[in-house]
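Those letters in the sequence shown? Residues 1 to 528, by UniProt numbering.
It is worth saying that the hints were derived from the structure and are not from the lab.
All values derive from a computational prediction rather than experimental measurement.
Honestly, I wouldn't trust all of these hints.
Label pairs and their in silico Cβ distance ranges [as the list claims (entries may be wrong)]:
1) Glu126 / Trp272: 26 to 36 Å
2) Ser359 / Lys459: 18 to 28 Å
3) Lys12 / Glu499: 55 to 65 Å
4) Lys512 / Gly238: 45 to 55 Å
5) Gly276 / Leu239: 13 to 23 Å
6) Val34 / His473: 56 to 66 Å
7) Lys69 / Lys512: 52 to 62 Å
8) Asn449 / Lys69: 27 to 37 Å
No more than 20 Å apart at the CA atoms, straight line, and that leaves these computed lysine to aspartate or glutamate pairs for EDC-like [claimed, not checked]:
9) Lys337 / Asp386
10) Lys440 / Glu458
11) Lys512 / Glu476
12) Lys322 / Glu347
13) Lys485 / Asp444
14) Lys402 / Asp150
15) Lys433 / Glu406
16) Lys512 / Glu475
17) Lys17 / Asp40
18) Lys390 / Glu355
19) Lys17 / Asp43
20) Lys440 / Glu477
21) Lys374 / Asp341
Glycine included, C-beta positions come from ideal geometry on N, C-alpha and C.
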Amino acid sequence: MAFSIECSLCGKETNGKESGSTEIYQIDCPSCGVYNITGDCRDDLPAERKLKDQLIKVSAFTRYRTIHKETIATLFIDPPQDYNEGYSISQIISMFPPVPDRKMKVLSNLQGLSRYWGDAIEIGHEDFPIFFPEVPEEQPSLMMMKVLVDEGLVSGEVKFPTQLTVTDKGSSLLSDSSNLAPQVPAARPIATITSDKMDGLHPKVLAIAKKLFDDGHYRSAVLDTYVALNNEVQKKSGLQLDGSSLMQKAFSKDAPVLKVPGGEKPQMGALWLFTGSMMGVRNILAHNHTVLLNEQEALEWLNFASALFRTLELSVNVEKEKLMDRITQLKFVLDGKESSDNIKKIEPFITPVKEYADSNLYRAFFLKLLEILKSPHYQDQNAGVDFLLKLDSGFLDQLTKKDHIELVSHIYKEAGYAKASRSAVEVIRSNFKSLTKSLKVFQDYLLSNTDSFNVAVEKVWFRDTFFELIVNHSEEEFLVAFLSKIVNKELELTKTALEELHIVLKKVNRMKISEHVKKITKMVEEFD
Numbered sequence: 001m002a003f004s005i006e007c008s009l010c011g012k013e014t015n016g017k018e019s020g021s022t023e024i025y026q027i028d029c030p031s032c033g034v035y036n037i038t039g040d041c042r043d044d045l046p047a048e049r050k051l052k053d054q055l056i057k058v059s060a061f062t063r064y065r066t067i068h069k070e071t072i073a074t075l076f077i078d079p080p081q082d083y084n085e086g087y088s089i090s091q092i093i094s095m096f097p098p099v100p101d102r103k104m105k106v107l108s109n110l111q112g113l114s115r116y117w118g119d120a121i122e123i124g125h126e127d128f129p130i131f132f133p134e135v136p137e138e139q140p141s142l143m144m145m146k147v148l149v150d151e152g153l154v155s156g157e158v159k160f161p162t163q164l165t166v167t168d169k170g171s172s173l174l175s176d177s178s179n180l181a182p183q184v185p186a187a188r189p190i191a192t193i194t195s196d197k198m199d200g201l202h203p204k205v206l207a208i209a210k211k212l213f214d215d216g217h218y219r220s221a222v223l224d225t226y227v228a229l230n231n232e233v234q235k236k237s238g239l240q241l242d243g244s245s246l247m248q249k250a251f252s253k254d255a256p257v258l259k260v261p262g263g264e265k266p267q268m269g270a271l272w273l274f275t276g277s278m279m280g281v282r283n284i285l286a287h288n289h290t291v292l293l294n295e296q297e298a299l300e301w302l303n304f305a306s307a308l309f310r311t312l313e314l315s316v317n318v319e320k321e322k323l324m325d326r327i328t329q330l331k332f333v334l335d336g337k338e339s340s341d342n343i344k345k346i347e348p349f350i351t352p353v354k355e356y357a358d359s360n361l362y363r364a365f366f367l368k369l370l371e372i373l374k375s376p377h378y379q380d381q382n383a384g385v386d387f388l389l390k391l392d393s394g395f396l397d398q399l400t401k402k403d404h405i406e407l408v409s410h411i412y413k414e415a416g417y418a419k420a421s422r423s424a425v426e427v428i429r430s431n432f433k434s435l436t437k438s439l440k441v442f443q444d445y446l447l448s449n450t451d452s453f454n455v456a457v458e459k460v461w462f463r464d465t466f467f468e469l470i471v472n473h474s475e476e477e478f479l480v481a482f483l484s485k486i487v488n489k490e491l492e493l494t495k496t497a498l499e500e501l502h503i504v505l506k507k508v509n510r511m512k513i514s515e516h517v518k519k520i521t522k523m524v525e526e527f528d
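Given only the sequences and the hints, what does the whole structure look like? Please build it.
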């Protein structure tokens with residue numbers, strides 16, 4: 001019989017029922033998925049509040065199994081004997097995968113939630129477990145989401161709530177991974193045996209220390225790693241301090257610059273761990289050259305550094321988050337009458353965003369500017385484009401592929417209105433002189449396949465004007481490539497689109513495309 005019950009893992013009210021035994025409950029939670037739990041384990045969990053932040057790892061485990069329709073797991077207090085798919089809470093926590101494996105599991109989760117190819121999956125705060133976060137907070141899930149989006153495996157906005165779509169690249173990666181390493185069901189996890197002693201360490205530790213360690217330079221491997229840790233804390237905090245002074249200021253309990261997940265006690269722990277890493281490791285190795293390390297000692301210190309790098313990765317710069325909130329809460333009046341006031345609202349954020357040099361801040365700033373560019377009024381469009389052209393390349397370098405495509409699409413669109421944006425037209429006539437990277441990304445996308453071409457043209461909206469602008473103002477190299485794709489039918493245009501392009505081509509006299517024009521004329525005639 002079904003009844004309402006509190007999820008043992010996340011605490012939310014959900015549905016439950018007895019699972020063939022009065023001693024085992026089956027819980028169906030929208031966040032944690034479907035799992036069984038013994039009465040003893042359920043009764044014991046409230047007393048184990050020390051595990052509270054760790055239970056998200058169990059939620060990730062059970063949600064993954066639910067998405068992939070695996071056998072329902074049963075949770076016990078102690079490791080069960082001879083119970084198929086039975087696990088203790090501590091067992092599952094110890095099985096929590098390293099970051100590279102998490103990425104593939106998250107991608108697999110999103111693929112599993114997709115109803116069809118290209119499906120936009122609705123993601124809310126209740127879906128944290130999908131992203132295999134280490135703590136039940138938004139930041140680590142956002143970081144995983146950002147990794148997938150930045151690598152082109154998933155498309156969508158990095159935020160909660162959002163919609164995410166697994167891309168061709170993401171599907172191919174999952175397919176390749178499945179072909180290379182087919183999964184064999186097992187009742188118990190089997191530890192991987194590896195000859196690489198540094199396997200699983202944080203990527204930054206590996207980048208700095210691996211070669212030195214492999215070559216037997218153990219002391220240098222450790223020292224260089226802890227020097228790099230100091231530098232990374234300086235960079236993320238923005239503090240001009242060093243060593244223990246830096247760590248005490250950055251991870252202060254009462255006024256932290258870098259805030260770690262979990263509250264006051266983890267913050268205090270980070271303060272002493274990072275401070276100790278400087279006083280007890282970096283400083284000793286830097287100032288006392290008689291201290292030597294053997295392989296095992298070096299490996300232990302590198303593992304400690306790896307844990308600190310991961311903690312630093314999960315930390316949040318408090319002032320940066322405040323700045324992010326201020327940017328995302330900006331509101332504009334887009335009626336064509338408040339153009340200068342809109343720019344005055346966003347302009348003061350240029351300097352602080354540059355000082356943090358954080359890709360998320362750059363992108364939040366750009367998305368706000370894009371709101372102005374998307375205004376239907378040419379006065380706002382002019383103001384937005386003029387302001388955009390004043391920004392240095394650092395802002396545009398942080399944009400995603402999707403951002404570049406959106407930007408160029410809207411500039412072409414603004415040039416197609418009855419009252420065209422003067423500034424947009426000037427940018428196009430200059431062949432996007434200050435926006436060459438954005439133009440290149442857009443052009444590559446446009447030429448990639450027919451579907452991408454149609455999506456891009458739909459964004460631009462005014463197809464006939466778009467054809468006129470690219471024929472008259474694009475560099476010949478791109479124009480030849482574009483027309484060649486059409487002639488070779490790698491881009492398949494509708495009859496109407498081909499006729500519109502043909503009309504434009506007949507009006508220009510560019511020698512390098514004369515043969516293409518003849519072939520397109522023939523294609524139009526064949527349509528008739």
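Outcome of the hint check:
no. : hint                        : result
1   : Glu126 / Trp272: 26 to 36 Å : holds, 34 Å
2   : Ser359 / Lys459: 18 to 28 Å : holds, 24 Å
3   : Lys12 / Glu499: 55 to 65 Å  : holds, 58 Å
4   : Lys512 / Gly238: 45 to 55 Å : holds, 52 Å
5   : Gly276 / Leu239: 13 to 23 Å : holds, 18 Å
6   : Val34 / His473: 56 to 66 Å  : holds, 58 Å
7   : Lys69 / Lys512: 52 to 62 Å  : holds, 57 Å
8   : Asn449 / Lys69: 27 to 37 Å  : holds, 33 Å
9   : Lys337 / Asp386             : holds, 16 Å
10  : Lys440 / Glu458             : holds, 19 Å
11  : Lys512 / Glu476             : holds, 7 Å
12  : Lys322 / Glu347             : holds, 17 Å
13  : Lys485 / Asp444             : holds, 12 Å
14  : Lys402 / Asp150             : holds, 10 Å
15  : Lys433 / Glu406             : holds, 17 Å
16  : Lys512 / Glu475             : holds, 11 Å
17  : Lys17 / Asp40               : holds, 16 Å
18  : Lys390 / Glu355             : holds, 17 Å
19  : Lys17 / Asp43               : holds, 16 Å
20  : Lys440 / Glu477             : holds, 12 Å
21  : Lys374 / Asp341             : holds, 16 Å
Going down the numbered hints, you'll see the structure goes against none, and every one checks out.
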